[in-house]
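Peer 1: Chains as they are written, first to last, in the working numbering: chain V, 1 to 506; chain H, 1 to 506.
Warning: the hint list may mix true and false statements.
Claimed, not checked - Here are the simulated distance ranges between beta carbons:
{"hint": "1", "chain 1": "V", "residue 1": "Val58", "chain 2": "H", "residue 2": "Arg390", "range": "37 to 43 Å"}
{"hint": "2", "chain 1": "V", "residue 1": "Ala62", "chain 2": "H", "residue 2": "Arg390", "range": "42 to 48 Å"}
{"hint": "3", "chain 1": "H", "residue 1": "Ala487", "chain 2": "V", "residue 2": "Asp386", "range": "33 to 39 Å"}
{"hint": "4", "chain 1": "V", "residue 1": "Thr506", "chain 2": "H", "residue 2": "Ala113", "range": "36 to 42 Å"}
{"hint": "5", "chain 1": "V", "residue 1": "Ala335", "chain 2": "H", "residue 2": "Thr506", "range": "52 to 58 Å"}
As the list claims (entries may be wrong) - Facing chain H, according to a computed beta carbon distance under 8 Å, are these residues of chain V, among others:
{"hint": "6", "residue": "Leu110"}
{"hint": "7", "residue": "Pro418"}
{"hint": "8", "residue": "Val427"}
{"hint": "9", "residue": "Ser452"}
Claimed, not checked - Anything over 12 Å on all C-beta distances counts as not near chain V; from chain H, calculated:
{"hint": "10", "residue": "Leu308"}
{"hint": "11", "residue": "Arg327"}
{"hint": "12", "residue": "Ala328"}
{"hint": "13", "residue": "Ala359"}
{"hint": "14", "residue": "Ser367"}
In case anyone wonders, no lab produced these hints; they're calculated from the structure. Model, not experiment: these values are computed from the prediction. Ideal Cβ positions, reconstructed from N, Cα and C, are used throughout, including at glycine.
Protein chains: 2
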Amino acid sequence: MSTFRAINPATGAALEPAYHATTRAELDQAAARARAAFPVFSRTSGQERGAFLRAIAVQLEARASELIARAGQETALPPARLQGETARTCSQLRLFAELIEEGSWVEARLDRARERENAPRKPDLRSMLRPIGPVAVFGASNFPLAFSVAGGDTASALAAGNPVIVKAHPAHPGTSALAGEAIAAAVRESKLPEGVFSLVFDAGIEIGAALVEHPAIRAVGFTGSQAAGRHLMDLAAKRPEPIPVFAEMGSTNPVFILPRALATRGPEIARGLHGSVTLGAGQFCTKPGLVMFAPEQAAPFVEELQRLMSQPAPFTLLTPAIAQSYRAGAGKRSAHPAVEVLTPPPGDATAALLLRTDAATLLQHPSLGEELFGPATLLVRHAGKDELLRLAASLHGHLTATVHAAEDDLREYAELIPLLATKVGRVLVNGFPTGVEVTHAMVHSGPYPAASFNETSVGTRAILRFARPVCFQDVPELALPPELHAANPLKIWRQLEGKLTQDPLT
Amino acid sequence: MSTFRAINPATGAALEPAYHATTRAELDQAAARARAAFPVFSRTSGQERGAFLRAIAVQLEARASELIARAGQETALPPARLQGETARTCSQLRLFAELIEEGSWVEARLDRARERENAPRKPDLRSMLRPIGPVAVFGASNFPLAFSVAGGDTASALAAGNPVIVKAHPAHPGTSALAGEAIAAAVRESKLPEGVFSLVFDAGIEIGAALVEHPAIRAVGFTGSQAAGRHLMDLAAKRPEPIPVFAEMGSTNPVFILPRALATRGPEIARGLHGSVTLGAGQFCTKPGLVMFAPEQAAPFVEELQRLMSQPAPFTLLTPAIAQSYRAGAGKRSAHPAVEVLTPPPGDATAALLLRTDAATLLQHPSLGEELFGPATLLVRHAGKDELLRLAASLHGHLTATVHAAEDDLREYAELIPLLATKVGRVLVNGFPTGVEVTHAMVHSGPYPAASFNETSVGTRAILRFARPVCFQDVPELALPPELHAANPLKIWRQLEGKLTQDPLT
Chain V
1 MSTFRAINPA
11 TGAALEPAYH
21 ATTRAELDQA
31 AARARAAFPV
41 FSRTSGQERG
51 AFLRAIAVQL
61 EARASELIAR
71 AGQETALPPA
81 RLQGETARTC
91 SQLRLFAELI
101 EEGSWVEARL
111 DRARERENAP
121 RKPDLRSMLR
131 PIGPVAVFGA
141 SNFPLAFSVA
151 GGDTASALAA
161 GNPVIVKAHP
171 AHPGTSALAG
181 EAIAAAVRES
191 KLPEGVFSLV
201 FDAGIEIGAA
211 LVEHPAIRAV
221 GFTGSQAAGR
231 HLMDLAAKRP
241 EPIPVFAEMG
251 STNPVFILPR
261 ALATRGPEIA
271 RGLHGSVTLG
281 AGQFCTKPGL
291 VMFAPEQAAP
301 FVEELQRLMS
311 QPAPFTLLTP
321 AIAQSYRAGA
331 GKRSAHPAVE
341 VLTPPPGDAT
351 AALLLRTDAA
361 TLLQHPSLGE
371 ELFGPATLLV
381 RHAGKDELLR
391 LAASLHGHLT
401 ATVHAAEDDL
411 REYAELIPLL
421 ATKVGRVLVN
431 GFPTGVEVTH
441 AMVHSGPYPA
451 ASFNETSVGT
461 RAILRFARPV
471 CFQDVPELAL
481 PPELHAANPL
491 KIWRQLEGKL
501 TQDPLT
Chain H
1 MSTFRAINPA
11 TGAALEPAYH
21 ATTRAELDQA
31 AARARAAFPV
41 FSRTSGQERG
51 AFLRAIAVQL
61 EARASELIAR
71 AGQETALPPA
81 RLQGETARTC
91 SQLRLFAELI
101 EEGSWVEARL
111 DRARERENAP
121 RKPDLRSMLR
131 PIGPVAVFGA
141 SNFPLAFSVA
151 GGDTASALAA
161 GNPVIVKAHP
171 AHPGTSALAG
181 EAIAAAVRES
191 KLPEGVFSLV
201 FDAGIEIGAA
211 LVEHPAIRAV
221 GFTGSQAAGR
231 HLMDLAAKRP
241 EPIPVFAEMG
251 STNPVFILPR
261 ALATRGPEIA
271 RGLHGSVTLG
281 AGQFCTKPGL
291 VMFAPEQAAP
301 FVEELQRLMS
311 QPAPFTLLTP
321 AIAQSYRAGA
331 GKRSAHPAVE
341 VLTPPPGDAT
351 AALLLRTDAA
361 TLLQHPSLGE
371 ELFGPATLLV
381 RHAGKDELLR
391 LAASLHGHLT
401 ATVHAAEDDL
411 REYAELIPLL
421 ATKVGRVLVN
431 GFPTGVEVTH
441 AMVHSGPYPA
451 ASFNETSVGT
461 RAILRFARPV
471 CFQDVPELAL
481 PPELHAANPL
491 KIWRQLEGKL
501 TQDPLT
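Chain V on its own, in the form it takes in the complex (with noise of 0.2 Å):
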């Protein structure tokens, strides 16, 4: 039997307990569950299943100093952000339930049936969408709660009627068991079946990789690199039945500082773009790393921003493995020919990075460009409009994009937000695009490499991810589910004849 213990990053000691590795033999054991409790689940109402996710939330919040301790040993990460980070998951919870609740998130289409000239009758036709079967959720290392084992992913497809198995992240076992203990607890309380919600632990890949190969499970959510989002994509694409993979990979998030913004607010914009690339030890997929401006002016910003990240203060990363990443990434910019560094040499501790280069080199060595995790961000100095708008278009898929800018400078640079929205997922003005708020309108997500989906994981539009579309021709309403019964007895919004109302059918 395997087993692997948490190491503390602040100390670099292994962490009590040990934890078992999930066998292929568990593993198969949590797929027939899940693939077992789906007729069931599937088939609970949004008022059992938001009662359901409420009780997550109050079993969380019963363990919340436990889980921001725990997390605090494995993770680093401060008391407060943990703390907030629990609240996060919560009313994210919560969120999802009432969505759930009142209902209209099913989509619901009704057309009615109708005698036609020379052509058969149009029949009766109800369409809603549906949950798609067991859903596989792998943990991110830089949110030990709000993206792991009680997180947006889980909280959505949970949300949508699919039963969940999540990968814990191995960085976070102690955090994954505690919060995978409180699902397992309010599935007990919402006598739900077992198999709605499984935990599994793996020290290594094998375990993820043979969970997104299982014929049981029908998509995947994701949160972190790259390199293991876009495994898990050729695993699941390679499959006999191929399944969708909801990856979200980080990115750079580019901003703009335009010439007016740059003029009259500089170190502003130097000190809440400081605060946005060393929030969380710059461990955020959303963290700037790369900002772009003409040098006309510059002396305040870049001034203000240097002396910010040349503070010593040192960080401390997750996990050594993002320690050393981040090290060795810094080590390789810093030493480009074409590239300044305006922080001072960080000697043994880990410590934030501001570089400097220009938008040819830029253009030239694209790679220069690429997400570095950990307090590090880019300055490049660009000749002007034309040479923005260069950049803006060589950009590849992003989470976001900022621009900083006056208005006179949004009417001179009009084509820059709508190529912008292009290129990403949110486009921000004035402000900094760490910190994902979790709402109706938010989108978190963007063209590949940063995310593998056009839709989003944050916000109540990421159960969107998990349902599918059904319709139902001609079905008698013994047969059909409540949503799509003509009186429309849950008030739902729904569309007659492609028509939004709350009225029935008649």
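Got chain V sorted already, so can you dock chain H onto it with the hints?
Peer 2: Coordinates of chain H only, in the frame set by chain V:
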């Protein structure tokens, strides 16, 4: 320069003129034009694109007699069917025009900014669906109009604001060229960039593969065989930047006849089934190819179906390759030791085929239940409810499933419809699955291998395949699309803080 000609399937003769196979260089030009057209086309209003789709319909109607005559030569489909298909193609374009002129399809969501205690200000977030970029569409052999050059994939991709490159089906290049001319004329008339639409030809698979692999292409729409669809899926998954392939790959469309319906309506069901199996010579992806029932009181049904399927009525299939494949498949299944042939030997002509086996044989040899494109269907006797549910549970993904049932049957077999709803895109009661209405509630899709995606390729939802949500955070209105302006100038339905309304944001 490579050229090819269509074959008249009724005579085997090559049809003039020869069509030029698109070269790689020409494909690159078409892709470059599509890429260049995207920024312009994606920012047109719903009104502008609606007028463009209506102009395509008018241009098709102006060429209707030519189109129908040429399609008749290239496919052997009868004029009435092709006339109906032309009407369907045009009304489909006008339905998408209505959808985008009305405008609510973009699912706009607006969440207000708000100050918060002990947390940063909540930003103003506004999101909507935006087009994704150039789309490749593959014409289908069996719908030379409605699923080909100006068919549903093209209509929905253009409706969303994406340039389209169609790969013409090599069996009907002349029909494709005429439809392509209609679209090109509408592009000119609407003063849109030429790259909004291109048509490429190839007798083989090289140009189609190059199209799917082309970096300018952001998604693929396909209707055809499982082998071809999976090949395109695999190519798309291996790209440096994988893209979605929306492949509709056909299915066997199981039919379940429950006891009371069989006892009371056997001959009537047989007549409807015969019409559905032989419609279009059985070359619909929704043809019912698998019919399950218990033997009690089945004789009137079986005898009537046998009589109808045995009528001498030779069929001309769409292409020599399809005819060959049908005869080979029919021969192989007829030779199976556990399969009875209920129709007379076909001789030289392509004839309808009625086969019969039992549930145990089908469960043991599931390949007997695979799609056989052409006028054939397989009757499967089962021993009653338990075996029927085992058969239903053993199904892989199909486009449709049909249940013939009296109300008491539906009560007695209450598990059947919810189970079938997990296996297909559309469940029918007391109908026949051929005939796919183009409406708001239609779902033409299903779990793999029926389709590769959790969305529909027919009906207004089909537009959702070719769009993705983009969020704008604190973006001033001067840089926002009108759909997201607070005043709601387009009067569309939007979610304000999660609530559907046509009201302005105040």
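Peer 1: Now tell me if each hint is right for this structure.
Peer 2: Here is what the structure says about each hint:
{"no.": "1", "hint": "V:Val58 / H:Arg390: 37 to 43 Å", "verdict": "holds, 41 Å"}
{"no.": "2", "hint": "V:Ala62 / H:Arg390: 42 to 48 Å", "verdict": "holds, 43 Å"}
{"no.": "3", "hint": "H:Ala487 / V:Asp386: 33 to 39 Å", "verdict": "holds, 35 Å"}
{"no.": "4", "hint": "V:Thr506 / H:Ala113: 36 to 42 Å", "verdict": "holds, 41 Å"}
{"no.": "5", "hint": "V:Ala335 / H:Thr506: 52 to 58 Å", "verdict": "holds, 55 Å"}
{"no.": "6", "hint": "Leu110", "verdict": "holds, 6 Å"}
{"no.": "7", "hint": "Pro418", "verdict": "holds, 6 Å"}
{"no.": "8", "hint": "Val427", "verdict": "holds, 5 Å"}
{"no.": "9", "hint": "Ser452", "verdict": "holds, 7 Å"}
{"no.": "10", "hint": "Leu308", "verdict": "holds, 18 Å"}
{"no.": "11", "hint": "Arg327", "verdict": "holds, 28 Å"}
{"no.": "12", "hint": "Ala328", "verdict": "holds, 24 Å"}
{"no.": "13", "hint": "Ala359", "verdict": "holds, 21 Å"}
{"no.": "14", "hint": "Ser367", "verdict": "holds, 14 Å"}
Violation of the numbered hints given earlier is absent; every hint is satisfied by the structure.
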